[in-house]
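Number of protein chains: 2
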Amino acid sequence: MISKNQVKFLKSLHQSKYRRKEQLFLAEGVKIVDEFIKSNYSIKTIYAIEEWIDNNADVFDNINEVSLKELHSISLLKTPNQVLAVVEFPEDKNIVFDEGDLILALDTIQDPGNLGTIIRIADWFGIKKIICSNETADALNPKVVQATMGALTRVNIEYTDLPSWITKLPDTTPVYGTLLDGDNMYETDLSDDGVIVVGNEGNGITPEVQKVLTHRIKIPAYGNSMMESLNVAIATSLVCAEFRR
Amino acid sequence: MISKNQVKFLKSLHQSKYRRKEQLFLAEGVKIVDEFIKSNYSIKTIYAIEEWIDNNADVFDNINEVSLKELHSISLLKTPNQVLAVVEFPEDKNIVFDEGDLILALDTIQDPGNLGTIIRIADWFGIKKIICSNETADALNPKVVQATMGALTRVNIEYTDLPSWITKLPDTTPVYGTLLDGDNMYETDLSDDGVIVVGNEGNGITPEVQKVLTHRIKIPAYGNSMMESLNVAIATSLVCAEFRR
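One line per chain: the protein sequences are A and B, in this order.
Residue 198 in numbering that gives the first Met the number 0 sits at position 199 of the first sequence, and the numbers go up by one each step.
Residue 232 in numbering that gives the first Met the number 0 sits at position 233 of the second sequence, and the numbers go up by one each step.
Extracted from the complex, chain A is given alone in its bound form:
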C-alpha cells in the first residue's frame, strides 16, 4: 500500500530542488536497485511488487509492498520494473587530483541521457572521479540514474566552479580539452594521468575553461567526412579509449 502523501513525496523527488532539500533520490528497476543495495549508498525505503519481494526478502528491512498499478503511479519509466528505491545522497565529495588519476571534467553537459552514458563510459574505462561544472545536468536526476545502469555506484562525482577548480590543480597537471581545432589526438603524446575536459553538446568548452587548458586535442574524422561533430558521449568514449590504450 502507498498513501497519497507518499506518492506526492516520491513524485517531488523527480525535481532537483526537492532532491536537494530532502537529500534523497530515486533509483528504479531490478538491476539498478540491486547495484545500489550492494554499494556504499544508504537506501531509505524500497517500494516493490510481490515478485521482487519474494526474491529479495532478506536484502533490506524497509520494503513496502505495492501493486503494479501503484508502482506505475510513482515510476518515471514507461514500463516500471518491479522495484523503486529511495536512496540517500552520497556524502559530499571533495575530488582532488592524485598522481596517476585520470579525471573527467564535464563542462556544461546538459542532456541527462548523455550524462548517464558518460558516467557509464567512465566506469568502463576505470575513471573513478568526475568533476562537473555547476551548469552540468544533475547526476541524481532519475533519467541519469537509469542511463548509468549502476555505474553511478562506482564513480565519484562532484559539482563545482570548474575554471577555479582547474586553476587550483598542481602546476604540472596536464589538462586536456577536446576542441574542433585541437591537435589530432592520435598523433599527440598523451600522458597517463591528468584531466580530460569535455564540453557542451552544442557550444563545446566554455571560454573560461578554454583559458585554463594546457593541451587542446581533437578527434579526427576519417577522410572527408562532412560531419561537423560526434555526439558528446561517443566523443568521450573515443578520447577515454585513447588515453587508456
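Bear in mind the hints are in silico, worked out from the structure with no lab data behind them.
Being a predicted model, the structure only gives us computed values, none of them experimental.
Careful, some of the hints might be misleading.
The list cannot tell twin chains apart, which means a pair is met if one copy fits it or any two copies do.
[As the list claims (entries may be wrong)] Here are the simulated lysine-lysine pairs, DSSO-like style, with alpha carbons at most 27 Å apart: (1) K210 with K68; (2) K37 with K210; (3) K3 with K16; (4) K30 with K127; (5) K77 with K127; (6) K217 with K30; (7) K92 with K217; (8) K43 with K128; (9) K20 with K167; (10) K16 with K43; (11) K10 with K77; (12) K7 with K127; (13) K167 with K3; (14) K210 with K43; (15) K20 with K37; (16) K7 with K30.
With chain A held as given, fit chain B onto it using these hints.
What follows is chain B alone, placed relative to chain A:
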C-alpha cells in the same frame, strides 16, 4: 494549406509498411532537409512554413506552405523545425565487398536511436557501406532519419539475410565479430579492410552469424570494471576507431 487526406497520407509514412508500399519516407528539420536536397536522393514534396520558404524559395519546385500548427499535425518532432520533406526511397543497393572496403554489418540492431547513431558513426569513420540483417530496425524510420543528422545521405545501406550474405563473400575476406569472449582488440592485428559485425543490444551476435565469423574480438574494459557491456553505439565507435587508427 494541407488537406485532411494529405495529413493522413503523411502520417501513414510513420509506419514501415506504408513507407515500403509508397516507396517514400520523411525527413524533418532545416539541417536534415538541407542535406537531403544537396544529396542524390529525390525529393517528392516539401511542406514548410513561410520563414523557411523565404530562405529557400529557389531550391525546389514542389513546396507547400503550411502554418506552424499544420506542421505540428504532420511532424513526429516535439518541436517541429520549419520544414518536412517527403523523400523517395533510394535505389536498391547491392552492397558487395571490394578490396579496401571496411563494411559494417548490423545483426539485429533494434533501437532506432542506436541505429541512427551507428550510421552517423559510420559516416564519421568514412565507412560507406552498411549491411543490415532483415531483423534490424528500418533505417528510413523517421526516428532513425533524425538521429543520423544527415549521415544517411552519405552511407549506403542494404537489408539482407546476413548469414548468407557473409557466406558469399570471397574466402579471404576477414569477418570480425565483437563478442564478450573475443580476443582483446587492442592486442589483435586488425586488417585494413573487411567486415565488422555488431550484434543486438541485449543478445549480441546471433548464433547463425557467429558461425561464419573469421575473427572474434572484444573491447576490453579497463581494470576491474563491473560493467557487463557498453551501449552498442559506443562499442561500435570504439571498434571503428581502432580499425581506422
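Status of the hints after comparison with the structure:
1. K210 with K68: The answer is neither: 53 Å in one copy and 45 Å across copies each exceed 27 Å.
2. K37 with K210: Neither: 41 Å inside a chain and 38 Å across chains, both beyond 27 Å.
3. K3 with K16: Only inside one copy: K3 and K16 sit 21 Å apart there, 45 Å across copies, limit 27 Å.
4. K30 with K127: Within one copy only: 21 Å inside, 38 Å across.
5. K77 with K127: Neither. Shortest intra-copy (31 Å) and inter-copy (36 Å) distances fail the 27 Å Cα cut-off.
6. K217 with K30: The answer is between: 23 Å across copies meets 27 Å, while 36 Å in one copy does not.
7. K92 with K217: So K92 and K217 fail the 27 Å test inside a copy (30 Å) and across (34 Å) alike.
8. K43 with K128: within (25 Å within a copy, 51 Å between copies)
9. K20 with K167: neither (29 Å within a copy, 63 Å between copies)
10. K16 with K43: Within one copy, since 19 Å is at most 27 Å while 49 Å is not.
11. K10 with K77: both (15 Å within a copy, 23 Å between copies)
12. K7 with K127: neither (35 Å within a copy, 52 Å between copies)
13. K167 with K3: neither (48 Å within a copy, 63 Å between copies)
14. K210 with K43: neither (43 Å within a copy, 49 Å between copies)
15. K20 with K37: within (25 Å within a copy, 52 Å between copies)
16. K7 with K30: Answer is within: at 25 Å inside a copy they meet the 27 Å cutoff, but 42 Å across does not.
Checked against the numbered hints given earlier, this structure breaks hints 1, 2, 5, 7, 9, 12, 13 and 14; the rest are met.
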